[in-house]
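Under the working numbering, the first residue of the sequence shown is numbered 2, with each subsequent residue one higher.
Don't take each hint at face value.
Claimed, not checked - The calculated lysine-lysine pairs, modelled on DSS-like cross-linking and capped at a C-alpha distance of 25 Å, are:
1. 267 x 360
2. 77 x 277
3. 190 x 229
4. 262 x 360
5. 233 x 219
6. 229 x 159
Since the hints were made in silico from the structure, they are not lab data.
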Amino acid sequence: MITAGAHPSAHRRLKWLLVLLVVVGSAAILFRKPIQEAVLLRSFLMSDSASEPAFIALVERAKDRFALLLRIWNTKKIPHRMQVVTYLKDNAGARPDLYRRDELLLLSAAMDVDASVRELALAALAQQRHLAVPRLAAALLRDADPEMRLLGVQYLRKQDASTALPLVFNLLDDPDQRVVTSADAALRKWTGQDFGVRMTHAAINSAGDTNLEPENIKIIQEGVQRWKEWWKSHQKDYPANTLGAAARPGPAERLPMEDFKLRDPKGKPVRFSDFKGRIVLLNFWTTWCPGCVQEIPALIELQRRNAPRLMILGISLDGQTELDEHGHVAGTHSDSGHGQDKANGTVAEIGAKVEQFVKGNGVNYPVLLDPNNEVGRRFNGGELPTNVLIDSQGYVRRRFNGGRNVAAFEAMIDELAPPKAER
Numbered sequence: 002m003i004t005a006g007a008h009p010s011a012h013r014r015l016k017w018l019l020v021l022l023v024v025v026g027s028a029a030i031l032f033r034k035p036i037q038e039a040v041l042l043r044s045f046l047m048s049d050s051a052s053e054p055a056f057i058a059l060v061e062r063a064k065d066r067f068a069l070l071l072r073i074w075n076t077k078k079i080p081h082r083m084q085v086v087t088y089l090k091d092n093a094g095a096r097p098d099l100y101r102r103d104e105l106l107l108l109s110a111a112m113d114v115d116a117s118v119r120e121l122a123l124a125a126l127a128q129q130r131h132l133a134v135p136r137l138a139a140a141l142l143r144d145a146d147p148e149m150r151l152l153g154v155q156y157l158r159k160q161d162a163s164t165a166l167p168l169v170f171n172l173l174d175d176p177d178q179r180v181v182t183s184a185d186a187a188l189r190k191w192t193g194q195d196f197g198v199r200m201t202h203a204a205i206n207s208a209g210d211t212n213l214e215p216e217n218i219k220i221i222q223e224g225v226q227r228w229k230e231w232w233k234s235h236q237k238d239y240p241a242n243t244l245g246a247a248a249r250p251g252p253a254e255r256l257p258m259e260d261f262k263l264r265d266p267k268g269k270p271v272r273f274s275d276f277k278g279r280i281v282l283l284n285f286w287t288t289w290c291p292g293c294v295q296e297i298p299a300l301i302e303l304q305r306r307n308a309p310r311l312m313i314l315g316i317s318l319d320g321q322t323e324l325d326e327h328g329h330v331a332g333t334h335s336d337s338g339h340g341q342d343k344a345n346g347t348v349a350e351i352g353a354k355v356e357q358f359v360k361g362n363g364v365n366y367p368v369l370l371d372p373n374n375e376v377g378r379r380f381n382g383g384e385l386p387t388n389v390l391i392d393s394q395g396y397v398r399r400r401f402n403g404g405r406n407v408a409a410f411e412a413m414i415d416e417l418a419p420p421k422a423e424r
């Protein structure tokens, strides 16, 4: 309060102070939102995981969405890249200007180390009828992963027979019978010829058994032979094209791999860097995941046959919960009182459960505990099983969901370190 006898200079100082406070308060209100958004972006970019609500909030408020998406993509973090490509797939049609600017990003994503990112990028490009889709699909036919070859057939069968038939025909000699029967389905679509082969003849049963019934193998083999006889008189109708020659197989980029430390079921700390110089396969799994359990015998055999060049690290996410197809929480819950720091029990309880499983199933490779999903979140490890293949220099070369048989795993490993006989 200013009294009547106050000095005029004091009055002026107080007046300017009030003006300054108003200006500062207005500036704080004006810049609060940009500051908050800058903090949110920094937090998002530095995080190992990629929160979908945070991602959407950032993209929807961005003045230049392309620049933001590119910045997020260039983090080279798997969850972040997944968010970028998912957004582009969902919005490519509604935002053609964004699609045109992100075209090169999508083309790069279609050859990403992450199989899920590749599939999403191809879908986005196909929605826009991009001219590179046939070439990218043809490249997949040479991929070491049979799931990628199946994806290639899926896209090529939508092309004209004159372009795609010769390439797909070569898959009749593929080592994976699912690929063979998929190729047969495409050939039947193009030619109208039917030699009795069906995709169900190569279907994996509910127990995950990849050994086909002898009568189904015979049907496939006889059908393939009849296709080859048909080809002798029809090959001239399908002149060679440059599509297959121009196709480039395999992932085009390597992603950096940061070190981590986890504990085994007995509490011993283990670092990823302990295995430097060897190919490492990270297998994210849980004891209650049926697909994970089905895959373990193949992993045991894979480790046995490739011990000198490969180390499998089974990373148990027991302690995490996941919704099943009915929306129910998978796994079991306990409430043990003190020390209860996990949804599915204490760390000690989880360790004992995993150790019992490992011993009971003869697992011959190290198994580590990740009850807080600290490492799993780097690779979207909540989708189970998740496999991540890392080369001997410490770069991520492949990431994919779902199991593979020993032959498929070895084909992918051979790309990184051929067997001694081939060196």
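Hints versus structure:
no. : hint      : result
1   : 267 x 360 : holds (13 Å)
2   : 77 x 277  : holds (21 Å)
3   : 190 x 229 : holds (17 Å)
4   : 262 x 360 : holds (23 Å)
5   : 233 x 219 : holds (22 Å)
6   : 229 x 159 : holds (22 Å)
Hint violations for this structure: none, all hints satisfied.
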